[in-house]
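Undergrad: If you want the building blocks of each chain, they are given just below.
2 protein chains.
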Amino acid sequence: MPASLELSGHRFQVIYRICGTSDEVRARAREICIEQTVEFPEALLPDGDIRNHIVGHIEAITSIGESQHEVAISYAIETSGFELTQLINVIFGNTSMQPGVRVERIVMPETLLQAFPGPRFGCMGVRTYLGVTRRPLLCTALKPMGLSADELANLAYTLALGGIDIIKDDHGLADQPFAPFGERVARCSEAVQRANQMTGLKCVYAPNVSGRGDETLRRAHLARQLGAGALLIAPGLVSFGIMQQLATDEGIGLPILGHPALLGSFAVHPDHGISHYAIFGQLMRLAGADATIFPNYGGRFAFSREACKAIAQAASEPMGCLRPIFPAPAGGMTLERVPEMRTVYGEDVILLIGGGLHTRGPDLLANCREFRRLVEHAL
Amino acid sequence: MPASLELSGHRFQVIYRICGTSDEVRARAREICIEQTVEFPEALLPDGDIRNHIVGHIEAITSIGESQHEVAISYAIETSGFELTQLINVIFGNTSMQPGVRVERIVMPETLLQAFPGPRFGCMGVRTYLGVTRRPLLCTALKPMGLSADELANLAYTLALGGIDIIKDDHGLADQPFAPFGERVARCSEAVQRANQMTGLKCVYAPNVSGRGDETLRRAHLARQLGAGALLIAPGLVSFGIMQQLATDEGIGLPILGHPALLGSFAVHPDHGISHYAIFGQLMRLAGADATIFPNYGGRFAFSREACKAIAQAASEPMGCLRPIFPAPAGGMTLERVPEMRTVYGEDVILLIGGGLHTRGPDLLANCREFRRLVEHAL
Numbered sequence: 001m002p003a004s005l006e007l008s009g010h011r012f013q014v015i016y017r018i019c020g021t022s023d024e025v026r027a028r029a030r031e032i033c034i035e036q037t038v039e040f041p042e043a044l045l046p047d048g049d050i051r052n053h054i055v056g057h058i059e060a061i062t063s064i065g066e067s068q069h070e071v072a073i074s075y076a077i078e079t080s081g082f083e084l085t086q087l088i089n090v091i092f093g094n095t096s097m098q099p100g101v102r103v104e105r106i107v108m109p110e111t112l113l114q115a116f117p118g119p120r121f122g123c124m125g126v127r128t129y130l131g132v133t134r135r136p137l138l139c140t141a142l143k144p145m146g147l148s149a150d151e152l153a154n155l156a157y158t159l160a161l162g163g164i165d166i167i168k169d170d171h172g173l174a175d176q177p178f179a180p181f182g183e184r185v186a187r188c189s190e191a192v193q194r195a196n197q198m199t200g201l202k203c204v205y206a207p208n209v210s211g212r213g214d215e216t217l218r219r220a221h222l223a224r225q226l227g228a229g230a231l232l233i234a235p236g237l238v239s240f241g242i243m244q245q246l247a248t249d250e251g252i253g254l255p256i257l258g259h260p261a262l263l264g265s266f267a268v269h270p271d272h273g274i275s276h277y278a279i280f281g282q283l284m285r286l287a288g289a290d291a292t293i294f295p296n297y298g299g300r301f302a303f304s305r306e307a308c309k310a311i312a313q314a315a316s317e318p319m320g321c322l323r324p325i326f327p328a329p330a331g332g333m334t335l336e337r338v339p340e341m342r343t344v345y346g347e348d349v350i351l352l353i354g355g356g357l358h359t360r361g362p363d364l365l366a367n368c369r370e371f372r373r374l375v376e377h378a379l
Numbered sequence: 380m381p382a383s384l385e386l387s388g389h390r391f392q393v394i395y396r397i398c399g400t401s402d403e404v405r406a407r408a409r410e411i412c413i414e415q416t417v418e419f420p421e422a423l424l425p426d427g428d429i430r431n432h433i434v435g436h437i438e439a440i441t442s443i444g445e446s447q448h449e450v451a452i453s454y455a456i457e458t459s460g461f462e463l464t465q466l467i468n469v470i471f472g473n474t475s476m477q478p479g480v481r482v483e484r485i486v487m488p489e490t491l492l493q494a495f496p497g498p499r500f501g502c503m504g505v506r507t508y509l510g511v512t513r514r515p516l517l518c519t520a521l522k523p524m525g526l527s528a529d530e531l532a533n534l535a536y537t538l539a540l541g542g543i544d545i546i547k548d549d550h551g552l553a554d555q556p557f558a559p560f561g562e563r564v565a566r567c568s569e570a571v572q573r574a575n576q577m578t579g580l581k582c583v584y585a586p587n588v589s590g591r592g593d594e595t596l597r598r599a600h601l602a603r604q605l606g607a608g609a610l611l612i613a614p615g616l617v618s619f620g621i622m623q624q625l626a627t628d629e630g631i632g633l634p635i636l637g638h639p640a641l642l643g644s645f646a647v648h649p650d651h652g653i654s655h656y657a658i659f660g661q662l663m664r665l666a667g668a669d670a671t672i673f674p675n676y677g678g679r680f681a682f683s684r685e686a687c688k689a690i691a692q693a694a695s696e697p698m699g700c701l702r703p704i705f706p707a708p709a710g711g712m713t714l715e716r717v718p719e720m721r722t723v724y725g726e727d728v729i730l731l732i733g734g735g736l737h738t739r740g741p742d743l744l745a746n747c748r749e750f751r752r753l754v755e756h757a758l
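First to last, the sequence lines map onto chains A and B. Using the working numbering, you'd call the opening residue of the first sequence number 1 and step up by one each time. Using the working numbering, you'd call the opening residue of the second sequence number 380 and step up by one each time.
So that you can see chain A by itself, here it is in the shape it has in the complex:
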């Protein structure tokens, strides 16, 4: 009984890199076409649309070196249900359990992309929101964990006074007893607003929002009410679906900084997982992050310069109607590296310096002003 599924005929492609000989790669690619869709013995599939169109299609296999091939597999856009969770499931759900397969990039037609509003602000929107037209944005983090809400607020005040644009929570600040979420967000938001009155600037405080299920949503709304100016969200912890909801919720309406916590497992191994480009670039943007934070090369983490450039590329290159977003390289950055980072990332970048602002010298306010001076200084 051939079923007619009224499919649009539009398909999206996933470019996988697969290890093995040409024959092995072809066999694995065929398995992926089945595994990611019908997950059913091929011989028993009904004739018609399921067999012909729901099962993935191998579009191309290209050798890219010894025992490495790039394989383009296309899927009917309807398999995604036009939802982010299921889209990610089709891209890599069960295949994540197979070694030697890596998602390199995703190519989506307009008919699929239009299901995803993406970033509410994007680069231009964030610039307007913060009143910064051209230069890179300055960002830092409130830490260490263990400080009280008042101590964090004092820190935020100094950082805002020093000319930082975005002051985010360290991603380890949740709702711990030493600085409970509501108290911390109220104090830090107020401190930043007080500093703004002194400086005439538009610094914003971005609390880290996490928690069990819809507690994340509750905290995001609370943050907005308490005067936060942006949100820090780690989709590896709370899910890309929650991030998408926060980005589209009219009652929140704040820029979102995407944090990479826990997502490293996907990208770290060169022969498995999801590439830096796809997970920190494409998926973050698709889910509505206005900036994607990632460890810059040459810092505490082992991301390569090439991987970082790929993230920045995915953040900015054309992607349907989705706004370009800021790359936010971080992870052990120092003031000394600001000129280099501008050369590599250009002006549309958020420079996130955390601990490095404190180690520069004992006067945090002076360090912030030096950071600002460096960034306002023409290259």
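Everything labelled a hint here was simulated from the structure, so no lab data went into it. Treat the hints loosely; a few may be bogus.
[Unchecked claim] Below, simulated SDA-like cross-link-like pairs (lysine to any residue); rule was C-alpha separation at most 20 Å, straight line:
#1 K309(A) / Q477(B)
#2 K202(A) / L130(A)
#3 K202(A) / Y129(A)
#4 K202(A) / T158(A)
#5 K688(B) / Q98(A)
#6 K688(B) / G677(B)
[Said to hold, decoys possible] Stretches of chain B that chain A covers, calculated by requiring three or more beta carbons in the stretch to come under 8 Å of a beta carbon on chain A:
#7 472 to 479
#8 517 to 530
#9 545 to 553
#10 610 to 623
#11 639 to 646
#12 675 to 682
#13 724 to 738
[As the list claims (entries may be wrong)] Not close to chain A: a few residues of chain B, all C-beta gaps over 10 Å, as computed:
#14 Q447
#15 P697
#16 L701
Computed from a prediction, not measured in an experiment: that's the story for all the values here. Glycine included, each C-beta is placed from N, C-alpha and C at the ideal position.
Given chain A, work out where chain B should sit, using these hints.
TA: Below, chain B without anything else, positioned relative to chain A:
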């Protein structure tokens, strides 16, 4: 200014496996103690509780082979904020971006575990709920994707008539146009109940519940209203936090099958990520899954027998007051392997055979009855 944080003194341990020489491992372990907590230059940490107790402690370093060490690091339970998202963040958030570090297991004191209700049913609860006292439970999946709600319901009817205990959606069934969630759940629930009236058995239908943010919660409530008897949840897609909420929500109150989609990336690489034991065993159970589905060794996936046994161990061994849960080995299983699986996993196991039930022969009802006969047959 030494801060007194009124910490309980209770700590949980994460056992990491770290690659490198003894000196490299010690240095990396020290970095993890900082990275997973204060993420701040050590020299600038304030004296007192933050420096002494918030920063992780290296409790032991044990050589376990050439260039491999097991390192036990303890963290103050308060760093977790007693929340699952932040607990996972402390365990592996930023360190996920470092190669050569793998979470082997987590050791939590009662004072931390009691913050997590865990599985609502557990093995015993599910047995009571399904009226099956001793033997392994029989489970299968509705597929392939592309069938209509009516076609899936017809399939469910036959499977229930054949004596299957749990009929789950394939994890790729979301809310696609060919079988929209509400229509599918209504039809399949009704079909299973109709079969139960014929058989006198208590088969349940477990729809796959996903979606953007709190859409997952809405669908779970809808599923309950429409007569679903359990839920299939993939925390890799919707987050462990959402799973925890579904497990504790009094308005839902259904057993939860945890699906491994997307989580493979954590476990597949032997020198990185989170072990099978920790992610498919400990975290699934902590988040409230009543069963953990994983690819059995010797099927379509590359999990080892040892890894599968480790998952089963984590599912059942003592873990504070948390109920033991069912291992549910799957992924290319066949009726022929039932006796072996009973030998390996014992009687407290859910045997999940999907496509294998269809390939056995053309008569699906007969195949189900044979599955049931095999399982009711004493070893």
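Undergrad: Output the indices of the hints that this structure fails to meet, ascending.
TA: none
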